[in-house]
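Taken in order, these protein sequences are the chains called X and Y.
Throughout the first sequence, residue numbering follows the numbering used here, covering 1 to 472 in sequence.
Throughout the second sequence, residue numbering follows the numbering used here, covering 1 to 493 in sequence.
Check before you lean on any hint, since a few could be wrong.
Subject to a maximum C-alpha distance of 30 Å in a straight line, what follows is the list of computed DSS-like cross-link-like pairs (lysine-lysine) [as the list claims (entries may be wrong)]: (1) LYS430/X with LYS108/Y; (2) LYS359/X with LYS442/X; (3) LYS441/Y with LYS428/X; (4) LYS403/Y with LYS344/X; (5) LYS108/Y with LYS24/Y; (6) LYS430/X with LYS403/Y; (7) LYS403/Y with LYS205/Y; (8) LYS108/Y with LYS359/X; (9) LYS24/Y with LYS442/X.
Computed beta-carbon distance windows for the label pairs [said to hold, decoys possible]: (10) TRP187/Y with LEU4/X: 40 to 50 Å; (11) MET353/Y with PRO218/X: 23 to 33 Å; (12) TRP187/Y with ILE450/X: 41 to 51 Å; (13) TYR206/Y with GLN264/X: 28 to 38 Å; (14) THR59/Y with ILE450/X: 55 to 65 Å; (15) SER174/X with TRP187/Y: 34 to 44 Å; (16) ILE450/X with PRO4/Y: 21 to 31 Å; (17) PHE406/Y with ILE450/X: 22 to 32 Å; (18) PRO218/X with GLY190/Y: 37 to 47 Å; (19) ASN51/X with GLY190/Y: 38 to 48 Å; (20) GLN196/X with ALA491/Y: 51 to 61 Å.
Simulated from the structure, these hints should not be mistaken for laboratory data.
Predicted model only: the values in this text are computed from it and were never measured.
Each residue gets a CB set at the ideal place from its N, CA and C atoms; glycine is no exception.
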Amino acid sequence: MESLNLILPEIFISISIMFLLILGVFKKDSSKITVNLSLFAILITTIITINETFSVNRETLFNGSVVIDQMSSLMKIITLIGGFLVLVISSTYLKTFKIYNIEYPILILSSILGMMVMISSNDLIVFYMGLELQSLALYVLATYNRDQLKSSEAGLKYFVLSALSSGLLLYGCSLVYGFAGSTNFDIISNQLNSDQYFLTFGIVFILVGLAFKISAVPFHMWAPDVYEGSPTTVTLFFTIVPKIAALTVFIRFLYVPFLNLIDQWQMIIVFLSIASMIFGAVAAIGQTNIKRLIAYSSISHIGYTLAGLATATNEGIQSSIIYISIYVVMNLALFSCLLMLKRKDQYYENIDDLSGLSKNHPLLSLCLLLILFSLAGIPPLAGFFAKFYVFKAVLEQSMYFLAIIGLLSTVVAAFYYLRIIKIIYFDKEKDQYDTDHSLWLKFSLTVSTILILFYFVFPGVLIEVVSRINII
Amino acid sequence: MNFPILSSLILLPIIGALFLFFTKDKEGNNLTAKYVALFTTVVNFLISIYLWIAFDQYTSSFQFIEDRIWIEGFINYKVGIDGISILFVILTTFITPLCVISVNNSVKNRLRDFLIAILIMESFMIGVFCALDLVVFYLFFEAGLIPMFLIIGIWGGTRRVYSAFKFFLYTLLGSVLMLVAIISIYWITGTTDVVKLYEIGIDVKYQNLLWLAFFSSFAVKTPMWPVHTWLPDAHVEAPTAGSVLLAAILLKMAGYGFIRFSLGLFPVASETFTPLIYVLSVIAIIFTSLIALMQEDMKKLIAYSSVAHMGFVTLGIFTLQQQGIEGSIIQMVSHGLVSAALFLTVGVVYDRMHSRLISTYGGLVSVIPKYSILFMIFALASLGLPGTSGFIGEFLILMGAFKDNFLVAVIASLGVILGAAYMLWLYKRVVFGKLINEDLKKIVDLNRSEYFILSCLAAPILFYGFYPDPLINTIEVSVTDLINMHETSLARK
Chain X
1 MESLNLILPE
11 IFISISIMFL
21 LILGVFKKDS
31 SKITVNLSLF
41 AILITTIITI
51 NETFSVNRET
61 LFNGSVVIDQ
71 MSSLMKIITL
81 IGGFLVLVIS
91 STYLKTFKIY
101 NIEYPILILS
111 SILGMMVMIS
121 SNDLIVFYMG
131 LELQSLALYV
141 LATYNRDQLK
151 SSEAGLKYFV
161 LSALSSGLLL
171 YGCSLVYGFA
181 GSTNFDIISN
191 QLNSDQYFLT
201 FGIVFILVGL
211 AFKISAVPFH
221 MWAPDVYEGS
231 PTTVTLFFTI
241 VPKIAALTVF
251 IRFLYVPFLN
261 LIDQWQMIIV
271 FLSIASMIFG
281 AVAAIGQTNI
291 KRLIAYSSIS
301 HIGYTLAGLA
311 TATNEGIQSS
321 IIYISIYVVM
331 NLALFSCLLM
341 LKRKDQYYEN
351 IDDLSGLSKN
361 HPLLSLCLLL
371 ILFSLAGIPP
381 LAGFFAKFYV
391 FKAVLEQSMY
401 FLAIIGLLST
411 VVAAFYYLRI
421 IKIIYFDKEK
431 DQYDTDHSLW
441 LKFSLTVSTI
451 LILFYFVFPG
461 VLIEVVSRIN
471 II
Chain Y
1 MNFPILSSLI
11 LLPIIGALFL
21 FFTKDKEGNN
31 LTAKYVALFT
41 TVVNFLISIY
51 LWIAFDQYTS
61 SFQFIEDRIW
71 IEGFINYKVG
81 IDGISILFVI
91 LTTFITPLCV
101 ISVNNSVKNR
111 LRDFLIAILI
121 MESFMIGVFC
131 ALDLVVFYLF
141 FEAGLIPMFL
151 IIGIWGGTRR
161 VYSAFKFFLY
171 TLLGSVLMLV
181 AIISIYWITG
191 TTDVVKLYEI
201 GIDVKYQNLL
211 WLAFFSSFAV
221 KTPMWPVHTW
231 LPDAHVEAPT
241 AGSVLLAAIL
251 LKMAGYGFIR
261 FSLGLFPVAS
271 ETFTPLIYVL
281 SVIAIIFTSL
291 IALMQEDMKK
301 LIAYSSVAHM
311 GFVTLGIFTL
321 QQQGIEGSII
331 QMVSHGLVSA
341 ALFLTVGVVY
351 DRMHSRLIST
361 YGGLVSVIPK
371 YSILFMIFAL
381 ASLGLPGTSG
391 FIGEFLILMG
401 AFKDNFLVAV
411 IASLGVILGA
421 AYMLWLYKRV
431 VFGKLINEDL
441 KKIVDLNRSE
451 YFILSCLAAP
461 ILFYGFYPDP
471 LINTIEVSVT
481 DLINMHETSL
491 ARK
């Protein structure tokens, strides 16, 4: 069992979770120390991941049910960093609502564990276990502010709908198992041939379940409500971290077992992508709540990510991964700004609350300006390059329709981002917001904004890292 | 490689903007900020003058080339200039300091931020004219939207939000198709390097669609009829300095794009679509001149006249004749100077009377004579009177047009008459006539900085009107080469 060190990160994080739970039971008022220890645990896990797995090209464990390759290491690292930053900027928010408890970091850790299992899974059962582990933690996180009606509603809604989608997914898995005779991805891929039409049902069910998890249209209905109702820090977690894991699984599903059936699923992905891009852009226009707006914008961003996947090339996969990485940074920055809109223990989350922000908070507004233009995909900011790589991959396959629809919907999307900028810069100012933010919040905003702004100087670095991912 | 002079031209304004960013923002007249901005832009202008002196007019190949790997195996950061682009670079660096001086009166709040936006804008505009890689060009081309959006939106007039949105979305909509085309070109030929693309050429079967994609972007930016409607709105609402940048330089990006990319990369398609351009240009010339006649708002009138003048430019470019293209370039330079000057002259009276309506004025000649003389020079240059730079451009364009298509040339010539009509009528109503409005009696003549700016603009207009040789010599070899390249690739087909 020498190769056990490859899943050392997962083992370490599980042990940390258990340790923290025990610590929480025996020590009173341990929320602060739990948070710090969780951060520490994530940090250590990241280091272990980098150390143990980053140089591994492709290894399978446990009869091929877990796979460690370049993609899994990279996605795990992004997940961990995302989780770390979410946790680190949550404190003030949680304290304000008096929900600064030990459960929060532990739930985040367990969902991260679930995601890491998902990312490495090479087997339907392992994948489903990981998925459920992360989902269960996320249900609780959504209702975390349990004294608020909206938060409970969000959690319940998420639970019911997500359970439904998990059911579909499981049904799809069983169909696939029935035809292929195995749950292992590699074996499935050997067993399949394209004239097993019923197998397509299995694939469709699985795709529906996965599309639900990444909130692609038409399985997006839960996203706006859940994003709005959940505590802001949890929304931040929702918008970035689970999407990374779900996307990885999406990639693995499509490209390992079902690559031969590309004719069957390519149209589905193209449809999901186009529908998400258009719907996300159009529906966001009428929103007044920033979190709802972010929900719709994240739907349209998922559309672009899927566009890369629809290409069935390594370049497409790489471009999707680049897209999601840049998207993570942009969302982190956006939420850092959102968490700064605080006045006397009250957080503001309507778009109108941003009115005239540039008068009183020029620096914060400048950051928001850059972030929003980047989300809209205007060069030379990072968001442009994200879209650029995706469309480059899409056009390589001569999928002009997808590319043109995608780019036209960026124009629609630009409208609502501009609307926020207009409110920040052109409208009358309101009262000042607090400026005594925690150091970590400032840190994450500064770093992510700098990354967005100066990405164009060294665009090669990210490509270099991602280009080592070769799935096909 | 020598000193990266073009990159320093692009970077210097950004450095200036960064410097400004760290200075303290004061309310009211922020002299420090203004001096920093002025210093930066003037240094940039001097560098570009040096560029012109060091420029070798006898070769058509690109000069001062810088080529650096940007994304391994994909995009190179490549800049360089030839006889066509150098004029636009100099135009940019010449107009921007004048804009900086002109903010004295027009921008009241957040002066520092305004200057930052102008400086960043300058850097992007220079970048557009220097870029020799399609992706780099696109980056600069689009990035310019951000500062311009803010300039219109923050410092604009009453309907500024509407205009800013319209400007932004219209231009973005046009440009995204160009992005599709650029990436497609990469997949078709394996490079986005313009110089290499000139050598390899693009397969004829792709040219039409690619040409249309580029056209959609440039047509909006030019702006050509019928997608010109953003321009009057943007011009009217933008602050004076914003209008000046918009009219003098931003519109030229499209004309430049037509010459550099549409003609250069897709010669066959350009030939195919010439009738389309002719029709749209002629409609733009006649139709918008008629609209301009009926305007009550001075800025709007000048905006529509810009559309008409750009109609001449597109007409000239697609005559595909030596004279036509040279005329277009000179017309663009001249229009850059003249429209900038006209917007500034409107800005002068607007700052004093806070009205842009023609009916507010009348009889200005008796109270502010200096202003009236300068205004006259610019009005006459705009209508293309011999002896002003406007004449050279229009004359050459029409000459090219007559060679290529008699009917189009005749109709376009009618546009010249209409141009004279609206411009002279505007001048008559504003400057001559009886002084009815009592408030006008207290109006003061040009102050020193305004006088300086307007004279700076009048000098080249008159100089190149009488002696256009320096301009023509600079562009001649490059244009000849372009035409030759065009002919050979047509022959190859």
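Here is what the structure says about each hint:
1. LYS430/X with LYS108/Y: The hint holds at about 21 Å.
2. LYS359/X with LYS442/X: It holds: about 19 Å lies between the C-alpha atoms, which stays within 30 Å.
3. LYS441/Y with LYS428/X: Measuring from Cα to Cα gives roughly 36 Å; hence the hint is violated.
4. LYS403/Y with LYS344/X: violated (75 Å)
5. LYS108/Y with LYS24/Y: holds (16 Å)
6. LYS430/X with LYS403/Y: violated (63 Å)
7. LYS403/Y with LYS205/Y: Status holds; Cα separation ~29 Å.
8. LYS108/Y with LYS359/X: Between LYS108/Y and LYS359/X the Cα gap is close to 14 Å, so the pair holds against 30 Å.
9. LYS24/Y with LYS442/X: With Cα atoms ~22 Å apart, LYS24/Y and LYS442/X stay inside 30 Å; holds.
10. TRP187/Y with LEU4/X: 40 to 50 Å: Distance hint for TRP187/Y, LEU4/X holds at roughly 45 Å.
11. MET353/Y with PRO218/X: 23 to 33 Å: violated (58 Å)
12. TRP187/Y with ILE450/X: 41 to 51 Å: Given about 33 Å between the Cβ atoms, the range is violated.
13. TYR206/Y with GLN264/X: 28 to 38 Å: At 31 Å between Cβs, range holds.
14. THR59/Y with ILE450/X: 55 to 65 Å: violated (42 Å)
15. SER174/X with TRP187/Y: 34 to 44 Å: holds (41 Å)
16. ILE450/X with PRO4/Y: 21 to 31 Å: The hinted range 21 to 31 Å holds for ILE450/X and PRO4/Y, with Cβ atoms some 24 Å apart.
17. PHE406/Y with ILE450/X: 22 to 32 Å: At 60 Å between Cβs, range violated.
18. PRO218/X with GLY190/Y: 37 to 47 Å: The hint (37 to 47 Å, Cβ to Cβ) holds, given that PRO218/X and GLY190/Y are roughly 39 Å apart.
19. ASN51/X with GLY190/Y: 38 to 48 Å: holds (39 Å)
20. GLN196/X with ALA491/Y: 51 to 61 Å: holds (57 Å)
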